[in-house]
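Q: Chain residues, written in single-letter form:
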Amino acid sequence: MDSEPGTSGRLVVDRHARYICTFAKAVDTLEFYLTEHFRLSGVYWGVTALALLGHLHNLDGEGIVKWVLSCQNADGGFGGSPRHDSHILYTLSAVQILVLYDKLELVDADQVASYISKLQQSNGSFIGDSWGEVDTRFSYVALCCCWLLDRLDRLNVRKAAQYVASCRNFDGGFGCTPGNESHAGQVFVCVAALHIADSLDLLDADLLCWWLSERQTAGGGLNGRPEKLPDVCYSWWCLSALSILGRLHWIDQTALQDFILSCQDEDDGGISDRPEDMVDVFHTFFGIAGLCLMGHPGLKAVDPTFALPLEDGFAANFLNENE
Amino acid sequence: MHNRPRPPKGLPEDPKAVEAGRVRLQKLSRVCNEVLKRVAEDRVDEESLKLAAALLEQNPECYSVWNYRRRAFQAVLQGRDGSAAAREAADAELALTERCLRRNPKSYATWHHRRWIIQKGLTPLKHELQLLGQLLEVDSRNFMAWAYRRFIVALAGIPPRDEEQYAAGLIDANFSNYSAWHARTTLLHAVHSGPPVMSVSQLVAGDQAAGAGSEHNGSGQPSSAGASAELVPLAALRQEFELVHQACFTDPEDQSAWLNHRWLLARTFAHTQGPQTSAADEGSPAHQDLTEIFEQEVDMCNQLLEVEPDRTKCKWPLLTLARLQEMQQQLGLRAGSQGSTQQSAADIYRELMVVDPKRKGYYADALEGRAHVMAV
Ligand SMILES: [Zn+2]
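Read top to bottom, the protein sequences are chains A and B.
Each residue of the first sequence is one higher than the last, beginning at 1 in the numbering used here.
Each residue of the second sequence is one higher than the last, beginning at 1 in the numbering used here.
This is chain A alone, in the form it adopts within the complex:
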């Protein structure tokens, strides 16, 4: 049915699942070498998308967990793949995958939390690794990771929240460090970080959500900044923040779902940034997760803060029991 050309409007669930599984197995491609340094995040996007599609069983979970563990370094952090140095970004991806498979007990939570807590600076910010790059993305990663590990007490949460708040701009949005332009991706990490830190009072929800609602373009898709083109990945960045702040109804969800569906490759599966472009795992995940937040039929629910499936399965139990 869903192979008829030009009949967009249905999510081709099975084809997306097949696309992700095919991608996961392709190890001798240009793509593989170009993405090796962030493969752990790629695997997180892939398995989470599969779980949201209800197809997690299609991949060898045991093998994936084993591979994830092989990315851990002596300092307690995880690299983007076994040949890479530890970085806070991939440490979160590893923890998220382990939560998804209910295998968190396979890592030493104290050791991982210790790796993360050492990256916090005196002003509350976080550096991504020992080389000193500062970004509010890392603040989210640190808070999210330590919450999932039940080690939030290892961080100075109040200072972390204050640093995030110091990155707030004239439009209510957030940038990567103080004074830098608002960006929907950065808005997601800052809102989710403040949510985990129980500090949502540090943002202006009305102003921020109105700015986010203005990200919706004429065609229904969302952009990440004013006067930019729409892109499927912002479906997640904008929607998760709107969802956490209880204002999903400030955008046209039907128009957005149509836009995401128009970016599917209906023959071979996968979702792209825009209808005319090539699909990839990143946009496939963000498109599907965005649809989940809007309650699209046939998909599982997703947690907007931790970006993990909420229904059925281990992650759901975990999230419910901690919240």
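Keep in mind that the hints were calculated from the coordinates and are not lab data.
Here are the in silico distance ranges between beta carbons for each label pair: (1) 168(B) to 297(A): 45 to 55 Å; (2) 25(A) to 1(B): 12 to 22 Å; (3) 12(B) to 296(A): 34 to 44 Å; (4) 1(B) to 69(A): 21 to 31 Å; (5) 25(A) to 27(B): 15 to 25 Å; (6) 21(B) to 18(A): 14 to 24 Å; (7) 110(A) to 162(B): 46 to 56 Å; (8) 69(A) to 354(B): 54 to 64 Å; (9) 156(B) to 70(A): 44 to 54 Å; (10) 13(B) to 201(A): 52 to 62 Å; (11) 354(B) to 267(A): 38 to 48 Å; (12) 114(A) to 173(B): 46 to 56 Å; (13) 12(B) to 29(A): 19 to 29 Å.
If you're wondering where the values come from, they're calculated on a predicted model, not measured in any experiment.
Glycine included, each C-beta is placed from N, C-alpha and C at the ideal position.
Guided by the hints, dock chain B with the ligand onto chain A, whose structure is given.
A: Same frame as chain A, but now just chain B with the ligand:
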């Protein structure tokens, strides 16, 4: 991946392209495997560094290879006396990152490596501003380039007024440059009241890990640099309104200027709040000034509405008018001379639900008093 066209379906594969892809894969996998092997062995020699550079030029986000280069050059770069070897190494790394940035101007890892080198304090900053000028000319919205620019501006001690003029020039060239509008909001307070919005220490605070150089570092508390709560003088706000008006009249549907306009209105409204202001007192010069500003902005919106008969193109002046009326009402101000012919804020929100249906939910909440974007 972004902006890579989806190949058409059902066409036979071009054998030339297939072969080119195969060759590229073979080359990339070979250099990738070789470099990562040498990195793991901690092998530092001219050939290994050259190979690593070649890989980074193809794949600049390969962060572990930048880490390897930093480990390799860390010791020599500590020669702060400006030894020839240290300067040579710094120059070579800057040249490599420049090549990478020209190919891929949105690579976090490359920008960070460049920042790390610059923090060693071995190289003049003038070239940084030239490079930034060129990259921002190619893409004036590149937020990574803007972030790096703020870092350099603070490091070089460039006065806020100069940066404000740089931003003004970009806005003049293109009213739709939201990045430049944003920059103005971070500079306005500093330009009109002296002390810099951000200190160098705030900008680089946090860059103090064991491996990072600390020559230019300090530590400081972050301040809310972007959304300063300090009052901007009304006279300065008047000037800003003039600039925004030009943009609004040039393209009334471009949201860049209007988002800035909302902020200016909120900053104006802020003069009526808090103990340090007199604008709330009727009869005070500040109150007079503020009343005038609000009336002038109402007039601007009305002028735009008069020249545009198509209401679907009038969203921004309509929305602004509704918010102005709410503020005027809150302050007990009379709403302009042609008050009788005006729609109420509630009527405008109802019209906006039709004119701009995608944001119907927001307008409904605003109508019910559940959404306030002018809070101080
Ligand atoms: Zn995207």
